[in-house]
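Those protein sequence lines, which keep their order, are chains W and C.
Every letter in the first sequence is one number past the one before it in this note's numbering, and letter 66, counting from 1, is 66.
Every letter in the second sequence is one number past the one before it in this note's numbering, and letter 32, counting from 1, is 1032.
Hint data in this document are derived by calculation from the structure and do not stem from the laboratory.
Glycine residues also receive a C-beta, built at the ideal position from the N, C-alpha and C atoms.
Any given hint could be a false lead.
[Unchecked claim] Straight-line distance between alpha carbons at most 25 Å, and here's what the computed DMTMM-like set of lysine to aspartate or glutamate pairs gives:
| hint | chain 1 | residue 1 | chain 2 | residue 2 |
| --- | --- | --- | --- | --- |
| 1 | C | Lys-1181 | C | Asp-1203 |
| 2 | W | Lys-521 | W | Asp-563 |
| 3 | W | Lys-27 | W | Asp-534 |
| 4 | C | Lys-1141 | C | Asp-1017 |
| 5 | C | Lys-1052 | W | Glu-554 |
| 6 | C | Lys-1141 | C | Asp-1003 |
| 7 | W | Lys-441 | C | Glu-1060 |
| 8 | C | Lys-1052 | W | Asp-211 |
| 9 | C | Lys-1048 | W | Asp-563 |
| 10 | C | Lys-1141 | C | Asp-1203 |
| 11 | C | Lys-1052 | W | Glu-437 |
| 12 | W | Lys-301 | C | Glu-1060 |
| 13 | C | Lys-1150 | W | Asp-328 |
| 14 | W | Lys-525 | W | Asp-563 |
| 15 | C | Lys-1134 | W | Asp-472 |
| 16 | C | Lys-1064 | W | Asp-563 |
[As the list claims (entries may be wrong)] Non-contacting residues of chain C with respect to chain W, defined by C-beta distances greater than 10 Å in every case (computed):
| hint | residue |
| --- | --- |
| 17 | Asp-1015 |
| 18 | Tyr-1185 |
| 19 | Ser-1188 |
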Amino acid sequence: MANHADAHADEIGSGHHGHHEEPGFIKKYLWSTDHKMIGFQYMFTGMAMALLGAFMAYVFRMQLAFPGNPVPGFGVVSPGEYNALITNHGSIMIFWVAMPVLIAGFGNYLIPLMIGADDMVFPRLNRLSFQMFALSVVILIASLVVQNGGFGGAWTSYPPLSANPDYNLTPWGASLWLLAVAVEFVAFLLGGINFIVTTMNSRAPGMKAFDVPILVWTIVIASILFMASVGPLVAGAVMLLFDQLIGTSFFNPNKGGDPILWQHLFWFFGHPEVYVVMLPAMGIVAEVITVFARKKMFAYKTVIYTIIATGVLSFFVWAHHQFVAGIDPRMANVFTVTTVLISIPIAEMLFVYIATLYGGSIRFSTPMLWALGFIAEFLIGGVTGIYLGASGADIHFHDTYFVVAHFHYTFFPIAIIAVMAGVTFWFPKMFGRYMNEFWGKVHFWGTMIPFNCIFIPLFILGAAGEHRRIFDYHNFPHLGAQWMQDMRIFATVSLLVMLAFQLIFLINFIVSMFAGKKAPKNPWKANTLEWTADSPPPHGNWPELPTCYRGPYEYSVPGRADDFWPQNEKA
Amino acid sequence: MLDRLVPSAASYSGDVDQLILLTTWIVGAWFIAAEAMFFWLMFKFRAKDGVKAQYITGKEKHLKAWINIPHGLVLMFDVVLIVAAIRVWVLIKQTLPPADRTVRVMSQQWAWTFQDPGADGQLDTPDDIRTTDKLHIEVGKTYHFLLESKDVLHSFFVPAFRMKHDAVPGRTYTGWFKATKTGDYDISCAEICGVGHGVMGADLVIDTPENFQAWVTQNTPETALASTDGTDMSASTDSTSATAGQQ
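Given the sequences, and given the hints that come with them, work out the whole structure.
Set out below in structure tokens:
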């Protein structure tokens, strides 16, 4: 035990044990056990992957708008390449962008700072987690460039298509893609366990469960959901890998297997996964709106209970992805009930967020714009989900662009809008400097307007029967109509505009990192503990760990001169 | 509403459209109410000089009502939607009205083949009419379709019918439809099935009874005309099931 304790102190202790030794480049940036550095590693890798995923979207949207024409920067898109592009765009944006940035990035960076700990409980496990993740990135990139090209069987990877190279024509791509996903899940499992254990054990003295900021709650509950749901998927992935490589028949109907089994294993994970990334996004928004409305969170406990209710319910809705996939039709009725009912906690959460604005004193700084934008846009994603959960309507909408538009209205607010709220909000803490407010607002409007212009046409196209994953709709007489093609071109042009505005963000981010206006410790006058550390916080976070005296959202308390009341300030 | 975007040509497509319309009214009203409240609060409580934010915990009874009443209403509307959705679902997927005619729909990478029972109205007899990428049916008749796949998952999607079902290798799914309008419509494969997924479409031709009879007469295979009746029916059944089983 003594050895263990020494090792622990050695790795995290340099900040508050006096002796300070500057670690070398590799130790500092690549082999670090510091939760903040690991958070950055995840965040920057996720951002790089977002560029790759966005490039893929650019290529296939260009193909859809101008089928057959060479795409600048890529060339002519073949049907096989098209399938690989959409497959990997989906996989990357969910598994290599939303997950690493939202959970691993913000989770690693913020959990110890928000609960007043010097580091994660298992710093080396944390390092291993990122290394596994980096390995999964390498495997995924490899899967794109091997012989016969990347896997093109959609991110859901349904067998028999995914199981048999005779059907998918990408023996290497399919197996490497699957391996990358499985390795990545091991990485997040390690990270998630760390989040749960750290939050349970390392909270600042005085911080009770209901003094924990909502963001930490959401990440911990998301980690629990992930931990409980990922097992069946990893088991399924190994079974599918065996089907591909050594000729087993778990999913092969010709030899007694069942392809539908994979769908159950996949979606038993896949639907909770939606909430795994949604909850931290809701958490970020909660932190931002309370600070910028100078308001106590309206009904904090209700939020926590709805988060838990959403988490529990999310395990009972998966088969709504399979209504028309060949499951027993009676089962669809059960899943319609559970799916439509999940609207209750989600709606309640959004109502509470909206109610929090009541009586506030709202400052529309860039982070707040993003947070409010999240609520406004996520509502569209939420209400359009009802059409798909209602089994009778889903018969028509399933696997059309209506679904595509719907989940982009949930995932884009989650993975981009909420992340932007988080990045612009914690940027002064991360780098000790402000981001440029003017360019931040330009970027906000330049993202939000084109975003709606991309996806609103897709709802209409989907309702008109445009089915998914087709590289040229002119092969279908009805879908090749001119008005539909015009909508596709409009969506593609909007995407180009939106991508162009992301350059503004990149430049603003990089320039502000090195030359932005210097920010004080607590630039937004916020309550949570991370704002009491230096900006950027040193290794070990605080010279002396803080003590917590109250909940995180005591803003505008009557009788106080200041309209905020940090959690560590004695009464 | 939906039939302005895509024609409605089956007995049950109107039910789906009505369900979608009902959903639109309900979620549309909620959406507008929530966004209106949201933007009004943003405007009303924007930061003003010298005005401090209020301290509200959310435990106050009269304020809690702002959450609890909508909560109850959402539940109520959910029940309405669930009932309406299940009614349509049961009509399309859980009932099987007696068939006037049964066709087989076989999917494979990357084509649809259809088997019409021909003049005798019995599947798997020599007078069956097999077609590729074109399905002829008669308006006003209740059809059963036997949906099968030879290789990977496909999905039989007829937007004009609002009908879709996955074809799973190793299984036969029996569904139904009853066309109400003549004309040409799209059939597409809605489940990604490999490199040729983007070209896997077919035409649905809905004929008047007279035209359909003419089509049947014209297309009955010559071999079937030569044989007197369906005496070799069992042999033919065997050969078809052998084809289906051999993958």
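Hints the structure violates: just list their numbers, smallest first. Per hint list: 7, 17, 18 and 19 violated.
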